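S.K.: Work out the full structure, taking the sequences as your base and the hints as a guide.
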Amino acid sequence: MNQVKSKVGRTIFARLDENEDLLTSIKERAEKNEIRAGFFFLIGTVKEAVLGFYKDANYKPIQLSEPLEIICCSGNVSVREDGELVVHAHMAVGDGEGHMFGGHVLPGCIVGVTGELTLVETPDAKLKRAFKNKLNLYLWSLDD
Amino acid sequence: MNQVKSKVGRTIFARLDENEDLLTSIKERAEKNEIRAGFFFLIGTVKEAVLGFYKDANYKPIQLSEPLEIICCSGNVSVREDGELVVHAHMAVGDGEGHMFGGHVLPGCIVGVTGELTLVETPDAKLKRAFKNKLNLYLWSLDD
Amino acid sequence: MNQVKSKVGRTIFARLDENEDLLTSIKERAEKNEIRAGFFFLIGTVKEAVLGFYKDANYKPIQLSEPLEIICCSGNVSVREDGELVVHAHMAVGDGEGHMFGGHVLPGCIVGVTGELTLVETPDAKLKRAFKNKLNLYLWSLDD
Numbered sequence: 001m002n003q004v005k006s007k008v009g010r011t012i013f014a015r016l017d018e019n020e021d022l023l024t025s026i027k028e029r030a031e032k033n034e035i036r037a038g039f040f041f042l043i044g045t046v047k048e049a050v051l052g053f054y055k056d057a058n059y060k061p062i063q064l065s066e067p068l069e070i071i072c073c074s075g076n077v078s079v080r081e082d083g084e085l086v087v088h089a090h091m092a093v094g095d096g097e098g099h100m101f102g103g104h105v106l107p108g109c110i111v112g113v114t115g116e117l118t119l120v121e122t123p124d125a126k127l128k129r130a131f132k133n134k135l136n137l138y139l140w141s142l143d144d
Numbered sequence: 001m002n003q004v005k006s007k008v009g010r011t012i013f014a015r016l017d018e019n020e021d022l023l024t025s026i027k028e029r030a031e032k033n034e035i036r037a038g039f040f041f042l043i044g045t046v047k048e049a050v051l052g053f054y055k056d057a058n059y060k061p062i063q064l065s066e067p068l069e070i071i072c073c074s075g076n077v078s079v080r081e082d083g084e085l086v087v088h089a090h091m092a093v094g095d096g097e098g099h100m101f102g103g104h105v106l107p108g109c110i111v112g113v114t115g116e117l118t119l120v121e122t123p124d125a126k127l128k129r130a131f132k133n134k135l136n137l138y139l140w141s142l143d144d
Numbered sequence: 001m002n003q004v005k006s007k008v009g010r011t012i013f014a015r016l017d018e019n020e021d022l023l024t025s026i027k028e029r030a031e032k033n034e035i036r037a038g039f040f041f042l043i044g045t046v047k048e049a050v051l052g053f054y055k056d057a058n059y060k061p062i063q064l065s066e067p068l069e070i071i072c073c074s075g076n077v078s079v080r081e082d083g084e085l086v087v088h089a090h091m092a093v094g095d096g097e098g099h100m101f102g103g104h105v106l107p108g109c110i111v112g113v114t115g116e117l118t119l120v121e122t123p124d125a126k127l128k129r130a131f132k133n134k135l136n137l138y139l140w141s142l143d144d
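Protein chains in written order, with the working numbering: chain A, 1 to 144; chain B, 1 to 144; chain C, 1 to 144.
Keep in mind that the hints are not guaranteed to be accurate.
The list treats identical chains as one, so a pair stands whether inside a single copy or across any two.
Taking lysine-lysine pairs in the DSBU-like style, the calculated list, with each CA pair at most 30 Å apart, reads [unchecked claim]:
hint, residue 1, residue 2
1, LYS132, LYS7
2, LYS47, LYS128
3, LYS5, LYS134
4, LYS132, LYS5
5, LYS47, LYS32
6, LYS55, LYS32
7, LYS47, LYS132
8, LYS47, LYS134
9, LYS27, LYS60
10, LYS32, LYS128
11, LYS126, LYS7
12, LYS32, LYS5
For the record, the hints were derived by calculation from the structure and aren't laboratory data. Quick caveat: nothing in here was measured; it's all calculated off a predicted structure.
M.R.: Shown next as structure tokens:
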């Protein structure tokens with residue numbers, strides 16, 4: 001069925017501070033709390049952002065070089081077949097006119113005044129990713 | 001108070017695959033896991049999308065005929081008064097320039113390379129919908 | 001570590017009705033259910049919206065005076081140092097063409113036909129906010 005199940009564990013609320021890289025910080029918070037599977041949400045602001053659009057087996061980067069509200073950032077924490085923890089997040093941001101831009105969160109999204117992370121642990125979920133050569137992506141590989 | 005309460009049950013993580021219809025697949029996952037009430041989030045990509053805008057008691061369809069990132073898709077699972085399971089979802093998608101489009105998820109949103117569904121069960125919630133003639137909508141009808 | 005943890009408590013599903021102010025209604029629902037810490041999601045529609053963009057220590061309001069789908073609204077419930085309950089929400093809305101606008105939810109977002117709120121309680125989280133003079137903002141002040 002390509003799925004896994006878990007009870008819900010702890011919720012971690014963490015404040016991200018100015019100049020932290022969004023992806024790195026979420027990963028560090030997961031690691032410090034020993035979370036290997038879970039889902040999260042975040043609101044706040046960024047000073048700049050790099051969002052990806054998947055095309056031809058790669059993420060084309062979209063550079064946004066201005067302060068933006070994080071309207072919505074959500075995703076999940078899982079583990080690659082080589083043991084590496086993966087934070088997969090998508091994000092929508094908005095500018096001073098309310099215009100929005102969105103994509104896959106790449107390195108280079110830099111927190112502005114604050115980031116408010118809500119991370120929910122699902123301790124029993126074996127949320128694994130396996131590499132798919134043709135796609136050049138790690139997709140969920142789920143047993144149940 | 002127009003509300004219901006529940007403890008939180010299992011979280012289901014499910015992979016949706018290329019060419020699945022988003023709405024149909026979420027509903028099937030809920031049914032196979034015997035979930036009659038819950039909430040969910042999904043990120044991934046679509047090959048095309050049909051989003052609705054509610055106006056004059058109908059959903060006006062917005063057709064998007066290109067590959068798009070699913071920036072944010074969230075909603076809930078509930079039950080109509082005739083027993084039919086309902087998946088109510090709203091979705092934001094982004095194109096290769098990061099430009100976004102959003103609306104109510106209608107049939108015809110077709111998964112691209114992958115969809116990562118996080119579905120949280122709330123087993124005690126009597127999350128019912130009753131038909132409102134004037135609106136031509138099933139609204140939540142909650143007892144507590 | 002600037003974080004707090006909690007087990008997950010009840011989930012409240014609440015229907016918001018036409019003409020309710022979004023921010024006020026979410027706060028009332030939290031108060032009536034004695035929720036001092038938690039996170040939430042909401043989909044539905046608004047008749048008009050006021051979204052904020054943080055700049056120069058203030059929220060510049062973006063006025064949207066038309067019916068819009070609520071594509072994504074999420075945030076958290078916490079408590080200021082003076083005991084006041086705070087609902088912090090960001091929202092993305094979409095118009096009849098699917099075009100989107102987003103920002104920090106300010107007073108004046110008026111529910112259209114319905115709002116479907118999912119509010120998850122985290123009863124052990126001491127989710128506090130302290131005022132930062134320079135920013136003119138209450139930021140999370142977390143002990144753990």
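S.K.: Against this structure, judge whether each hint is valid.
M.R.: Structure-based check of each hint:
1. LYS132 to LYS7: within (29 Å within a copy, 36 Å between copies)
2. LYS47 to LYS128: Answer is between; shortest inter-copy Cα gap is 25 Å, intra-copy 32 Å.
3. LYS5 to LYS134: Close inside one copy (28 Å), not across copies (40 Å); limit 30 Å.
4. LYS132 to LYS5: within (23 Å within a copy, 36 Å between copies)
5. LYS47 to LYS32: So LYS47 and LYS32 pass the 30 Å test inside one copy only (25 Å; across, 37 Å).
6. LYS55 to LYS32: neither (33 Å within a copy, 33 Å between copies)
7. LYS47 to LYS132: Between copies, since 19 Å is at most 30 Å while 33 Å is not.
8. LYS47 to LYS134: Only across copies: LYS47 and LYS134 sit 17 Å apart there, 35 Å inside one copy, limit 30 Å.
9. LYS27 to LYS60: within (22 Å within a copy, 32 Å between copies)
10. LYS32 to LYS128: both (19 Å within a copy, 21 Å between copies)
11. LYS126 to LYS7: Answer is both: 12 Å inside a copy and 20 Å across each meet the 30 Å cutoff.
12. LYS32 to LYS5: both (23 Å within a copy, 13 Å between copies)
Taken one by one, the earlier hints fail for this structure only at number 6.
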